[in-house]
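Undergrad: Below, each chain spelled out in residue letters.
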Amino acid sequence: NAGVTQTPKFQVLKTGQSMTLQCAQDMNHEYMSWYRQDPGMGLRLIHYSVGAGITDQGEVPNGYNVSRSTTEDFPLRLLSAAPSQTSVYFCASSVDREWYGYTFGSGTRLTVV
Amino acid sequence: AQSVTQLGSHVSVSEGALVLLRCNYSSSVPPYLFWYVQYPNQGLQLLLKYTTGATLVKGINGFEAEFKKSETSFHLTKPSAHMSDAAEYFCAVTGYGNNRLAFGKGNQVVVIP
Numbered sequence: 001n002a003g004v005t006q007t008p009k010f011q012v013l014k015t016g017q018s019m020t021l022q023c024a025q026d027m028n029h030e031y032m033s034w035y036r037q038d039p040g041m042g043l044r045l046i047h048y049s050v051g052a053g054i055t056d057q058g059e060v061p062n063g064y065n066v067s068r069s070t071t072e073d074f075p076l077r078l079l080s081a082a083p084s085q086t087s088v089y090f091c092a093s094s095v096d097r098e099w100y101g102y103t104f105g106s107g108t109r110l111t112v113v
Numbered sequence: 114a115q116s117v118t119q120l121g122s123h124v125s126v127s128e129g130a131l132v133l134l135r136c137n138y139s140s141s142v143p144p145y146l147f148w149y150v151q152y153p154n155q156g157l158q159l160l161l162k163y164t165t166g167a168t169l170v171k172g173i174n175g176f177e178a179e180f181k182k183s184e185t186s187f188h189l190t191k192p193s194a195h196m197s198d199a200a201e202y203f204c205a206v207t208g209y210g211n212n213r214l215a216f217g218k219g220n221q222v223v224v225i226p
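First to last, the protein sequences are chains V and R.
Under my numbering, the first residue of the first sequence is numbered 1, with each subsequent residue one higher.
Under my numbering, the first residue of the second sequence is numbered 114, with each subsequent residue one higher.
By construction, these hints were calculated from the structure, which means they are not laboratory data.
These numbers were taken from a predicted model, which means no experiment stands behind them.
Don't be surprised by glycine CBs; every beta carbon is placed ideally from N, CA and C.
Wrong hints could be hidden among the right ones.
Stated by the list, open to error - In silico DSSO-like pairs for lysine-lysine, Cα to Cα no more than 30 Å straight-line:
1) R/K171 / R/K218
2) R/K162 / V/K9
3) R/K218 / R/K181
4) R/K218 / R/K182
5) R/K218 / V/K9
6) V/K14 / R/K218
7) R/K181 / R/K171
8) R/K162 / R/K218
To be verified - Not close to chain V: a few residues of chain R, all C-beta gaps over 10 Å, as computed:
9) S125
10) L131
11) L214
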């Protein structure tokens, strides 16, 4: 099993550009989430999904869009990149939101210049 | 809403000494509590979790944590630190029916030879 796969691992964007961070899991997990990690801030939830076709906002959703057309994939779109979106982004999935904890991808390090 | 407090962003411990990382939580529903570890340039890995039942839980790499409802705490301990324990540690909380996992800001553990 590959687990949770994130691509790309590194990305540099110019302010105003758009891009999609990819996340795929092969564990048939219903629950998927996107977090951003910033120094001294811990991990903050951007968007999450409880199943295909269902998404909802986390605590820092502004500037990001998500969709969940399949169980396996949960892409994160940056509509118009800003320097404040420079961060490390983690995708996570879980078979059950409460009991099993989340499996995390290895992250995407994004720099917006 | 649920939240986690981890005090002391950087924790230094001598090799062979006790590792103690403190986590206090706030939750309006019975909590499910987790400790994650993050090694440099990697994603988060689940160390241990408390959902129900025994309040002393054992995890990987010799770590354990005790759920104390009266103190709203879930402190992480390891009797003897090893150089390989140098990493960042995150406490997280969720609850039944809650789609969100709330993280603390993390403790960066440095092991001194």
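Undergrad: Decide, hint by hint, whether the structure agrees.
TA: Tested hints:
1. R/K171 / R/K218: holds (22 Å)
2. R/K162 / V/K9: holds (28 Å)
3. R/K218 / R/K181: holds (21 Å)
4. R/K218 / R/K182: Within the cut-off at roughly 21 Å; holds.
5. R/K218 / V/K9: Judged against 30 Å, a Cα distance of about 23 Å means the pair holds.
6. V/K14 / R/K218: With Cα atoms ~29 Å apart, V/K14 and R/K218 stay inside 30 Å; holds.
7. R/K181 / R/K171: Between R/K181 and R/K171 the Cα gap is close to 15 Å, so the pair holds against 30 Å.
8. R/K162 / R/K218: At roughly 18 Å apart (the allowed maximum being 30 Å), R/K218 and R/K162 satisfy the hint.
9. S125: holds (17 Å)
10. L131: Check passes; 24 Å lies beyond 10 Å.
11. L214: Answer for R/L214: violated, closest chain V Cβ roughly 6 Å.
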